[in-house]
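Q: This is what each chain is made of:
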Amino acid sequence: MKLLFELSRTGRGQDLLPLSDVPACEFGGELLRQAPPRLPEISEVDLERHYTELAKQTHGVNDGFYPLGSCTMKYNPHINEDMAALNGFTGIHPLQDENSAQGCLEVMYRTEQLLNEITGMDAMTFQPAAGAHGEYTGLMLIRAYHLSRNDTARTKIIVPDSAHGTNPASAAMAGFTVVSVPSNAQGGVDLEALKAAAGSDTAGLMLTNPNTLGLFDPNILEITRIVHEAGGLNYYDGANLNAVMGHVRPGDMGFDCVHLNLHKTFSTPHGGGGPGSGPVGCKKFLDEFLPEPRVVRDEGGALRFACPEHTLGKVRSFYGNFLVAVRALTYITVLGKEGIPEASETAVLNANYMMHKLKGHYDVAYDAACMHEFVLTLEKLKQETGVSAMDAAKRLLDFGMHPPTMYFPLIVHEALMIEPTETESRETLDRAVQVFLDILEEAKTDPEKLHEAPHTCPIGRPDEVGAARNPVLKYEFA
Amino acid sequence: MGSYLPSTHSERREMLREIGLDSFEELYRDVPESVRLKSLSIPEGVSEMEAAAQISALADKNTRYRTIFRGAGAYDHYIPAIVKSVTSKEEFLTAYTPYQAEISQGVLQSIFEYQTQICELTGMDVSNASVYDGAVAAAEAALMCQERKKTGVILPDTVDPQVIEVVKTYCGSRSVPVTVLKTKDHALDADTLKAALTPETACVYVQSPNFYGVIEDTTALAEAAHLSQARFIMAANPISLGLLKTPGECGADIAVGEGQPLGMPLSFGGPYLGYMACKKELMRKLPGRIVGETSDKNGARCYVLTLQAREQHIRREKASSNICSNEALCAMTASVYLAAMGPEGLRRAARNSADHAHYLAERLNGLKGFELKSDKPFFNEFLTACPVDPALLQAHLDKEGILGPLPVEGGLLWCCTEKNTKDKIDRLVEIVKEAAGE
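Residue numbers (our numbering), protein chains in the order written: chain A, 1 to 478; chain B, 1 to 438.
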């Protein structure tokens, strides 16, 4: 398919702006760019068709089943988009006087109250723009807390080996050293290893629960107790909150702070990689360190921006990805106190249902009841047939399904991590199961077909090694 | 109560039985009894119609100004109709990060096109696929430049104060010293910079046009930084680059900035877009997603996420950044905007914004007490003195739906875009006169 720049023809374009109606100002020649940027010159119709064609080569949740583990690709309700598009939100300047933006402040205030209740936290910031950004912010809270007590020896963050890559990366960005603890035979945190790792240099623990294997750690209270007794704090990575909303809260499990992914759990669309929103909640004793500003209600009932007393500063300009919070608020408003827990238990039910149907055909990495996702290992299949997790994933594309997360978590070989979410019907799950079983059959009878998959996509498998070895990162103009 | 579950309650009961369970509670059997939640203390759910009414009522509580003379990091430019139409396409809206290249060519190609456009705008060799916003782009750029023996960032107080705050946060946690230089006349002069540079300084960060609208002498500043073997990071309003010298031409090693002016509405501060581009030699230090061209097994041209050895899912604690999700749809917004505008449209947006700002500045400069605070060249923002209570001035403007200048230390910060046409400026000046009692 042609690039925008290849569609460009000199002199074409669109008449979008009038000529200036005031005298032209003079800039010295030394201030001006030498040549205009080579932006494409394209008519509106050709531009529209270009993107319509690109859209056809893109698979979103609205195109079909998307069981991408750990990413919670649930359906994104249209009403969320309508609300986020209201002029009364999109047309508001972030530096308007707060009296003229009470509606925006109320969105933030109300969303904070609701999410505090769902997570069992006391205060929240919406400044972080994504999950990893939230992790960084949460860790900065932990850092600020220890420093406020002159406890400078707490330089280490404990991270289980099943954690998302962002956890150790965020800890390093926040200035910590990472200590990895292994998983036990059941896929949970190895308590003995945790006890050995926790000590006077422990700043905190980062944990996803249910973890990336889709397992709820039954020792959770023991885990958070061990860290607290060592003087550390517990950080809840909310990536998998979709499993437990309304059933159990991080704040009740011994966690001191948490980040959420509004673009996963609270149904806001992922946009091909963002914008997301990663609000960070914390217990009361940490709220003085939150990024500024926060929204508070004054004595007169009006909402105001306030700066927490010992704020860690800012992690982004303004107040974060505000329109994403509008969507999340809309979602929670619709679901409410019964709908939120029902969404979670259905997500867990759907995952268990799929796992139940696949078990006995595929190997489940940890044979236990799962939460909202589960992990298959194709290690044995690969040994027997040569068909890898990659091959199976690519073959799924031919059936109009987005593949599961591949090769993650790192502790499972030939992993496929499946998260169906609650917004899929039984027929969709049954069909997906059938596709998985058909692929298994193919692996035995026609493995070559899987090595060569996909067969029906706009492109075949790309040469990723070549892309990294000889990087071509922009169009080279003739 | 609203719900997005396709399955009915009785279907779910059947499924439960099929997996050998009697109750939904059993799904949570691994959760310790003592912490199981009885019920959430939030309002009951409502129908779509009721939710729409509730949320719309909040939007109605805001004052939406028809005319905006305020910038300071968020700009009210005209957004071509096609921009919203393209970025609302559901395939783009509801896709995840394009891990599976075979069914993500649309998103991948659009990022590749975006990267090319950012390189064209900035005069750089390599662009990433975006970061969260301009302030985070600044902080990530500063971290990119840190080396074992060269650590520290210098930036003048003419940088957007929010950017300074975010740079301080990010650098603070990595023990990177941040020096904020005091300037005279709202611009950094090369001698002040030279005096502050040390052999240890890793980088200098300059915003131009700066927070006060002034076009900094970036060429001289870049030279000064390079003489000291420090990297030069330049932030620019991307609209200004339709007209003004590129960071590349100024000698920058890294170009960053807030991409919001490229087709994103004000939206009370977000979602916005941090753009980041650099010279080829820094390519492997650039954080975030990068899309590259390659070919598929049949030799057809295609696009993939590349140079992933920099990233957190491979390198974990040794990654160049922790970033995972970025602002992909905002990058696409910018790309559609730039494609719709073309070189002439972008030049016109830049030209009209600057012309309007200069016309307004001239009119205000003729009023007693609203003198310009700097005689240096500026783009579409400028600082004047303020002889009245800024709140009183805004109260006058409120009556006609105008958002006036931002009160800052030292005066009022005014902004124009192509939307602030002559008639609007003339009316504004009339009201300012009234407010000032002339």
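The hints are simulated quantities; they were obtained by calculation from the structure and are not laboratory data. Keep in mind that a hint or two might mislead.
As the list claims (entries may be wrong) - Taking lysine-lysine pairs in the DSS-like style, the calculated list, with each CA pair at most 27 Å apart, reads: (1) Lys449/A - Lys297/B; (2) Lys61/B - Lys56/A; (3) Lys2/A - Lys89/B; (4) Lys84/B - Lys195/A; (5) Lys56/A - Lys182/B; (6) Lys150/B - Lys56/A; (7) Lys444/A - Lys297/B; (8) Lys182/B - Lys318/B; (9) Lys297/B - Lys2/A; (10) Lys297/B - Lys337/A.
Everything numeric in this text was worked out from a predicted model, so none of it was measured.
Q: If a hint holds in the structure, say so; if it doesn't, say that too.
A: Here is what the structure says about each hint:
1. Lys449/A - Lys297/B: holds, 14 Å
2. Lys61/B - Lys56/A: Measuring from Cα to Cα gives roughly 39 Å; hence the hint is violated.
3. Lys2/A - Lys89/B: holds, 20 Å
4. Lys84/B - Lys195/A: violated, 53 Å
5. Lys56/A - Lys182/B: Violated, at roughly 53 Å.
6. Lys150/B - Lys56/A: Given pair Lys150/B, Lys56/A is violated - Cα atoms ~48 Å apart, limit 27 Å.
7. Lys444/A - Lys297/B: Holds. Lys444/A to Lys297/B sits at ~24 Å (cutoff 27 Å).
8. Lys182/B - Lys318/B: violated, 35 Å
9. Lys297/B - Lys2/A: holds, 19 Å
10. Lys297/B - Lys337/A: violated, 51 Å
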